[in-house]
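Asks: Now for the letters of each chain:
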Amino acid sequence: MKPAEYYQRDRTRQPPALTPDYKTSVARSPRYSMISLQQSVSEITGPTFGHNDIDPIDNDLIKNYAKDGDPVGERIIVHGRVLDENARPVPNTLVEIWQANASGRYRHKKDTYLGSLDPNFGGCGRTLTDENGYYFFRTIKPGAYPWRNWVNNWRPAHIHVSVFGSSFSQRLITQLYFEGDPLIPHCPIVHTIPDPDAIEQLIAKLDLNATVPLDSIAYKFDIVLRGRRSTLFENRLEGN
Amino acid sequence: MPQKLDYLKESASQTAGPYVHIGLAPGAAGFDIYRQELGWDIAGPNAKGQKIRVEGVVIDGMGSPVKDVLLEAWQANSEGVYAHPEGGGEVEDGFRGWGRVITDFETGEWGFDTVKPGKVKPRVKLGSGVSQRVSDSDPDWQGRMDSHEPMAPHINLWIVARGINIGLNTRMYFEDEAEANAADPVLNLIEWENRRATLLAKRDGERDGVPVYRFEIRLQGDNETVFFDV
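Taken in sequence, the protein lines are chains E and D. Count the first sequence with the numbering used here and you get residues 1 to 240, in order. Count the second sequence with the numbering used here and you get residues 1001 to 1230, in order.
Just so you know, the hints here were simulated from the structure itself, not pulled from any lab data. Positions of the beta carbon are idealized from the N, C-alpha and C atoms, including for glycine. Do not take every clue at face value.
To be verified - Straight-line Cα separation of at most 25 Å, DSS-like style, residue types lysine-lysine; simulated pairs: (1) E:205 x E:220; (2) D:1067 x E:110; (3) D:1067 x E:220; (4) E:23 x D:1004; (5) D:1009 x E:205; (6) D:1067 x E:109.
What the hints assert, rightly or not - Which stretches of chain D does chain E cover? Using the computed rule of at least three CB atoms under 8 Å from a CB of chain E, they are: (7) 1021-1035; (8) 1047-1057; (9) 1095-1109; (10) 1216-1227.
If we strip away everything but chain E, and leave its shape as in the complex, we get:
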């Protein structure tokens, strides 16, 4: 069977553009309907990446910006697989992450939060999935921080995650949250997602089996990208 286009995005599980409780969306949300497009070669293709693009240390946020020691905070491993909706691994795809440090402060010239910068923590990492779609990062658990939405909003601890997949139509940016965080139910950004099951999918699970004893706690986080049809009923079948 020949692979054809990607499954239609299930918009009932995705956040709509306009979500007034997340105030910034009000002026940044298109109001007309999107035009639905059957996929052409422009959508079924996308950029490819290789080991020449990145360095092995790029996925170690504990070491990749360290100047005179390790960063402060709870040492964690984040690992999982990038799969598609058919539960097939997505190999050799670029996964990029960014986050605040343990005090909830981003290394960004526009971040003015009271939390302190950590001289040994950059806050970004990237890696390629292996042939089984597997990826991992070592990092510091980010801190919660306040933000200006309602007067008293706090973001739950989170890591931003960017994934490419095999085609431009699979391109995804999302956020990873941590199991047990009491701020998750109160966050207007989390609740831009209408489906509780889809929210649950963004909460990384504590994974004691993957911890490194006396070193790092582990969380498991699988990322699912859009699946791809196969063309059924062809005159000649080809390998799928």
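Assemble the complex: chain E is given as a structure, and chain D must be docked to it using the hints.
Replies: Just chain D, lined up with the frame of chain E:
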């Protein structure tokens, strides 16, 4: 009890937030960390065709430039081929076709250098193994659009920012490709002819001998840009 379909569901999107630069363009966030940042060179040194510069701004519902956007571009080479196994053929060594730009924090202006893409065959043989372009008369092609015309030169854009919950897909076409645009199967899908103009980049003179195209993206308002559910 019906049988269960054993599929997973796509992970939900979340906004890239105001600090997307830390992850995807750390130099713009104010620090160096990687040996190389990705996506700054779209076409590479060996690209054939017309070198161009594309510039623009993203405007919100208040009419103000959005100053924390990250855009990604995905385009074919001057022959209409994408740098991908299913992209329709071979591309020049170093041609990637993918770029990433951020807006200026003060002005909201963005821009990138590339080459003008060629016309793109809307359908390729979506087979296993090597993809190939198929002729209009090939009965084996995977019909995906009503028109058999090639797509006019265009650059696919994906826009993320604080306040944008799921990345927005659009396409930039070239105002000076009137004939190709008139036959473009995607532009012609847009029922409201006046909205097609929102996808046209305007010629804005030359700089150092390179044609400049200007493309304004409006998130809301009377001239809201057409966005696609792909």
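Asks: Hint by hint, say whether it matches the structure.
Replies: Hints and how they fare:
no.	hint	result
1	E:205 x E:220	5 Å, holds
2	D:1067 x E:110	11 Å, holds
3	D:1067 x E:220	34 Å, violated
4	E:23 x D:1004	39 Å, violated
5	D:1009 x E:205	18 Å, holds
6	D:1067 x E:109	14 Å, holds
7	1021-1035	holds (count 11)
8	1047-1057	violated (count 0)
9	1095-1109	holds (count 4)
10	1216-1227	holds (count 6)
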